[in-house]
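Participant: Those protein sequences? They're chains A and B, same order as listed.
Letter by letter, the first sequence follows residues 0 to 554 in numbering that gives the first Met the number 0.
Letter by letter, the second sequence follows residues 0 to 401 in numbering that gives the first Met the number 0.
Calculated from the structure, these hints are not laboratory results.
Virtual Cβ for every residue (Gly too), placed ideally from N, Cα, C.
Some hints could be false.
[Unchecked claim] Here are a few chain A residues that face chain B, going by a calculated C-beta distance under 8 Å:
| id | residue |
| --- | --- |
| 1 | L196 |
| 2 | Q199 |
| 3 | G280 |
| 4 | V296 |
| 5 | P298 |
| 6 | K301 |
| 7 | Q350 |
[To be verified] To be clear about the criterion: a stretch of chain B counts as covered by chain A if any three or more of its residues have a C-beta under 8 Å from a C-beta of chain A, and this derived list gives those stretches:
| id | region |
| --- | --- |
| 8 | 258 to 264 |
| 9 | 289 to 302 |
[Said to hold, decoys possible] Pairwise CB distance ranges (calculated):
| id | chain 1 | residue 1 | chain 2 | residue 2 | range |
| --- | --- | --- | --- | --- | --- |
| 10 | B | D379 | A | T335 | 31 to 37 Å |
| 11 | A | A340 | B | T163 | 29 to 35 Å |
| 12 | A | A54 | B | N187 | 39 to 45 Å |
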Amino acid sequence: MKLKILSIFTILSLILSACSAVEQFIPGEQVIVSIAYGSEKKEWLEPLVEQFNEARNQTADGKTIVVEATAIGSIEAVRGILDGTLQPTVWSPASSIYIPVANAEWKKNHADDLVVGTPNDLVLSPVVIAMWRPMAQALGWPDKAIGWEDISLLAASEEGWAAYGYPEWGKFKFGHTHPAYSNSGITSIIAETYAGLGKQRGLTEADLQSPELIEFMTGVESSIIHYGTSTGFFAERMFERGPSYLSAAVIYENLIVAQETKRIGSTSSQVPVVAIYPKEGTFWTNNPYAVLNAPWVTPEQKEAAELFETFLLDKPQQLEALKYGFRPADPSIPLTAPLDAEHGVDVSQPQTILEIPSASVITGIENLWRTTKKPVDLIVVMDISGSMRGDKISTARSSLIQFVQKLDDRDRLRIDLFNDQITNLTPLTPIGDKRQQVVDSVSGIFEQNNTSLYDATLKAYQDLQAEGDPNHIRAIVVLSDGEDTVSVATLDEVIRQIQASEEEGGNAIKVFTIAFGDDADADILKQIAEPSGGKQYDSSTETIQKIYDEIATFF
Amino acid sequence: MYTPRINWFLAVLYLLAAIGVFAAALLFPSFRSIAYAPVRELILPPPEPVVVSVLYSTEKEAWLNEVITDFEATNPTVDGHPVQIELEKMGSWEINAAVLDGTRQPVIVSPASSLQIAAMVDSSTVKFGNPIVNPADQTSCRPVVTTPLVLVAWKERADVLWGTQPGKSLWKDLHNTLIDPQGWAALNHPEWGYVKFGHSDPLKSNSGYMTTLLMTYGYYGKTSNLSASDILSNTEYQQWFLETESSIGTFEYSTGPLMEKMVVYGPSTFDIVAVYESTAIEQAENAVGRYGELRVYYPPALLWSDHPFCILSTDWVTPQQTEAATLFINYLTSEPAQQLALLKYGFRPVDAAIPLEQTGSPFDRYAANGFRADLSNLPDVEIPAGNVLNTLRDFWSRNVSR
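Chain B extracted, bound-state conformation (with noise of 0.2 Å):
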């Protein structure tokens, strides 16, 4: 007799909690997964998502087009609101210089190194008071990918320059051959012309900026402790990095149609040129059977594109999007995209558990070109203050930019 009494009563009850839980993920989207799905999705509007800008160079975009995809496939959310990652290529100081300018508001910014984040620093201080970039933090601020600088040559010539491996004192040994008006004649080789090295353009480049910032370092034989007033105020290091500099024809804007135009042409174009490891890795495939054999060459102390995600601090980035895009960096740096990166792009994971010479790696496919896998051997140089950094863009860009 009161069973339909209860029964309605405990309908209507349902019916209530229904109504309460649907009406508070309306409120609070993490209430949402609670609601009953097929209704959910029939009634309620979908979540704002979070929108996680990110300005990046174009080194990674195939790699991060790819990881995007897998990101969202797991379907991260931020109290309920689904996390939307909008990706903007750029080079790598383009991407310092439209911070700075406000002409872009993003939540990361992913230059090629640590040297433009470095840069930021100081310039964000000047122009904001404090820096919007904070190196020092891991967590909003660290590399996912790493690849150092190198040499790309072509094996007949650079055996005919330096044999199997450049010396300690490469770059002082580049500039002299450089400029010997002789060229490859000196070395017994005159039908090669004038020996011609390429790196890109400094000011769009960062491969290009690192190679300016290595020879530097190379002239000086030192690995750290780079000084403003060393670039500024000695004529003789002035005069030898002009003359460097001057031998090259046309600086590219970007590193990858350089390493292109290495394969492209050939030997008759570029006998060196200075590339990510990663560049000359994707083209490694391409450049068999072309015009001999092309091998990588480390220089004797190595700078690192580290890629870099580092999360803004300042007023337009919200606590909503700093939480979102911690997730995109965690997942940046968890096994499947580490894996992606090494054996599909040539990057080296910063996750040391990776081998680099497992079975399909490009170390261990195209070790013979001369692609090592431990560089431990060789010392990395310190990346100098902000302060420094900008100082030698600007020479490179008041004596050389043409």
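So that you can see chain A by itself, here it is in the shape it has in the complex (with noise of 0.2 Å):
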């Protein structure tokens, strides 16, 4: 008898506890907080979204609060909202400088701001030049304040580095992500107007018509080796491939603390890097944190909104940021390492700001950059084999349409086809003088035979070697749904190719993959991307166009 009750009580028991243990999965009532932010605080922000979700926290109907957020960049995510295609209930750019130019789109069909009132800081960093050490050593630093100044000379240097006793350096490599798509990209075209007109305030859309300013910005933009589509994975870029790939870029000052951390901590072996302060004046990233002003966003999202908002700005998580580089918004922590000189950078720093433009003036600048910009030199080589038939070849088509639309007039554009033969559909020549013919061209492509993928690649890189303007960013986007089954190239012919102009680091012509589809081999095309400095991408139907929008910001 004894023994049946102590049975009973033990399962009992178990019920009871695993009842308590399944609890938390089970999902109840919840809001969902979905947050678009800027990239360079993903190592901060994710560690605490998954800390504040783990906490279950409520909202006072009792409802738990999960907080969902994805990393994209600034000015992408305002184009993704105006649009319709991103409706996060809160925005967290890196920096305030796009909300009136946001406002001021989203008013043209609706009543009120997009962003109401004046969002609170998260965490703050300025914009910096990233620079290798050595480098920023022989423009004079840490004597000499550097800036956009000598930026611009370097960039006009046909010297390079040689004018600076350096030759072996080779020429000056500068990078900035896409002012369309990134906070960084765009605060760096303001910065290169104000400097290229002498300016520091007081900027008007009469200024944009100087020619010396047109002058100065295609300087400065000749320079560019390649642009990107986020501030966070243009600093990745520029740590993981070193100096013979970039000198310098436009990043925030935490991603050169966070560098520095790893390369003190020995889990990077590049040489050091250091922010420099343009002596003209820079702009800070305060990553302000808006709950949208949007039809989307329902009360009780705002309220669990605000309540993740105030588990941020608490200390605990206010001193986290330090860790990661960010000067906290909270007044109270102290600025100490590793916001120090061992890691690059100087908090008695910036001296001066630049004053943000009016919403009209940027889009006047944005709209100047694309006549300045390095054009790009592109060879797209795609896969039209039989193993293409169907939807595979319906939306490579769509997609390419797509890609062709958003390049520049100054853009150079060859497409190659490859089955078991490569066809040239049209040469490397300016888009803005055939367009529509592309797109017709594009719009006839079909399917069949084979497939030489490596002839085709190798052929696309020889002719660009050969064809494309070394002042020009030169590409290759190669497409391709299957292995290589009648090349007689090899792929380690194509892969000697690419890795024989290496010594051009940031300027070699960078080949970008897309392996479409399950039978794609992503390995060979990763082989082939890698070494160039593009980029693998595995695609689908579905994804396709999305891989296509990311290729197009490095240009």
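Assembling the complex is the task here: the two chains are given apart, and the hints tell you how they should meet.
Facilitator: Below you can see the structure in the form of structure tokens.
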């Protein structure tokens, strides 16, 4: 009898403990707070999202708050929000600089602003020029203040680093992200505009007509190796590939601290990198936390979003930000290590900022940049073998057309189609003169026969080296859905050819490869893309458009 | 033999008296305290509180919240009814707007300064036919703590701009520096860029408004007799004023966040800001060892944020509420509340018996940062008539507001 009671008790205890263990997996009523944020604060934010969600915080009505955060370029997010493809509860771009532009665009179709009032800052970091320490020292750092003027001189110099006694460093290779996607891109071109005009405030639309400004901006942009979608990604590239790839890039101070922390901790073997605070002035990234005044944000989402904001602004989370190299928004936290010279930064800087121009002037600067940016010489190499039949060929066609529409008039485009043969659809000439004709031709592409991936890639590479303008960004986009079946050339030959251009560093031809569908050999395509400084993407008929969009940010 | 009868008689008498007291306490709560406490709490319903609603400006939020707890601990009552304070914070000018348009009917208004009270006298006379506040009556309307508007600047830069103290023509000098296209380069410091001055939004924040008023006095080089025509009819003044304002990038919605930005962003973003002395004290500790030395500078003529507490004389305020409100205001000016305001929150007490430079006071702790207890050598500017104040606000709203 006693045993029976004990057994029942044990079973009951097990059931009860199982219930409480399972409880946390039962969703119950939830409020989802989606956050679109700039990628530069990923390392700080993501663990905090996890911590907040694990604590199962609740709204006043007892609903569990679930935060879903997605890293996306600050300006790219605005475009998504405006066209309705992105509907976050909270937008936390890198800085407030683009909020007036977002509001102006939003108000074309809505009564009120998208971002109302002044959102709170989460964390701060100045926009800086990251440069390898030996290179900065060659320019006179840290005794001499360096600015956009020096960058412009270096960029325009035919001699490059040789003018500073370092011919072995080659040409000056510069980078900033794409202004249509990323906050650091837009701040770079605004800073260039001020420097080109010798101003620090009071920019007007009339200023943008200045021939001196156009010349200055064209000069700086000529040293760009490529653009890119987000600042975090750009910094990653610079720190991964080293000084031969990129001499300097516009990023945020916190990313330098993060890199130097890795280097000091021996998880990166790069040379040291330092922050240059442009002497003409710079901008702050303040990471505003904007709960959107949009029809899709419900009052309970707003309440939940504000609770998460309070959590982020609490002292422990602000102290955590310091570890990742941010300057906390909480004034009671002193600016101590790792914000120090050892980590490549100087908290007494910046000494001055540039005035944020009006929304219309910012839009004018974006338009001006399109005319001064470094053009691209691009060869698209597209697989039209028999295995592409069905949805594959049709989505490949339509996404290529969208891609073509994104190129600027001065960009030069060639398209090669390959199966067991290589057919040239259009030669390497400016797209402005032939856009519609190219679109019509792409619409008529159909699939047949075998795959000669290596031959087609090698030919494009060799031709671009011969025909491409070294003063342009040079790139190849290869789309393939299967393994090579009939090429004369081998994979090794293709890789050898690409590696032979290594001394060109960041200015070498970049190969972007798209493994289209499950049968594509992603590994081979990766071996082709990575040594060039390009990137390999896995893609399907659903994602191909997005991948083309991302590749477009490099140009 | 008679003892039990007398005892009975006394017991009945006592019972009747007790019932009488309890009945009276029901009708008149002031009798409540006579009733036997344990029974009283059991059988009598709690008396209705006298609610004193206070619309107050945000700068004194922390102090007020702390003081209210202390005040309620003294169990204040009016005719036996407990006094209950209900606080609602708002921008100083928003308080005026909310009372005048009828969206709020408070017992007490407490904007950041007597400027809003003067404006309310004017606006409420226009709206209701007579003023709903009476600043001349010290019992119903008086300041409880004060703090002057000051300039806070990075010492290194202030040294270059005006040396140890700004001169008598501070506002005119500042205007000239702000509009100089060369900025700091004209003073041999090109690395500091253009000169960056900040004040808060005058339409939302009292300190911003006080700055524009001090600037206007500064332009005319006087400390009294400012008229509406000084603002509306002098195009040279208007150009001067608008040039200064156009040099300011953004107007923060409130004083606290402006001062916080000064500390968090450092000299890159603001060289000089106009804030309350108490706000500067609040951030003095945070500023240490951050971006260099931050100092406070007193303008050549002072304007005070004096936090008046004024009981409204309107039909929605009952005599009991007036009495309760008076108790509350008296408590605010009592020694413990005034000491707390000074030592913890950096306000100047209105109680002259409390020394400013006592040990532990911010005027003692931060004297090296330029905080001065004695400002008797600086004149105060006169608070102009309500219509002048409203004219300046309208002028700013039409020409500067973005």
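Participant: Next, verify each hint and record whether it holds.
Facilitator: So, going through the hints one by one against the coordinates:
no.	hint	in the structure
1	L196	violated (12 Å)
2	Q199	holds (5 Å)
3	G280	holds (5 Å)
4	V296	violated (22 Å)
5	P298	violated (21 Å)
6	K301	violated (19 Å)
7	Q350	holds (5 Å)
8	258 to 264	holds (count 4)
9	289 to 302	holds (count 3)
10	D379(B) / T335(A): 31 to 37 Å	violated (42 Å)
11	A340(A) / T163(B): 29 to 35 Å	holds (32 Å)
12	A54(A) / N187(B): 39 to 45 Å	violated (55 Å)
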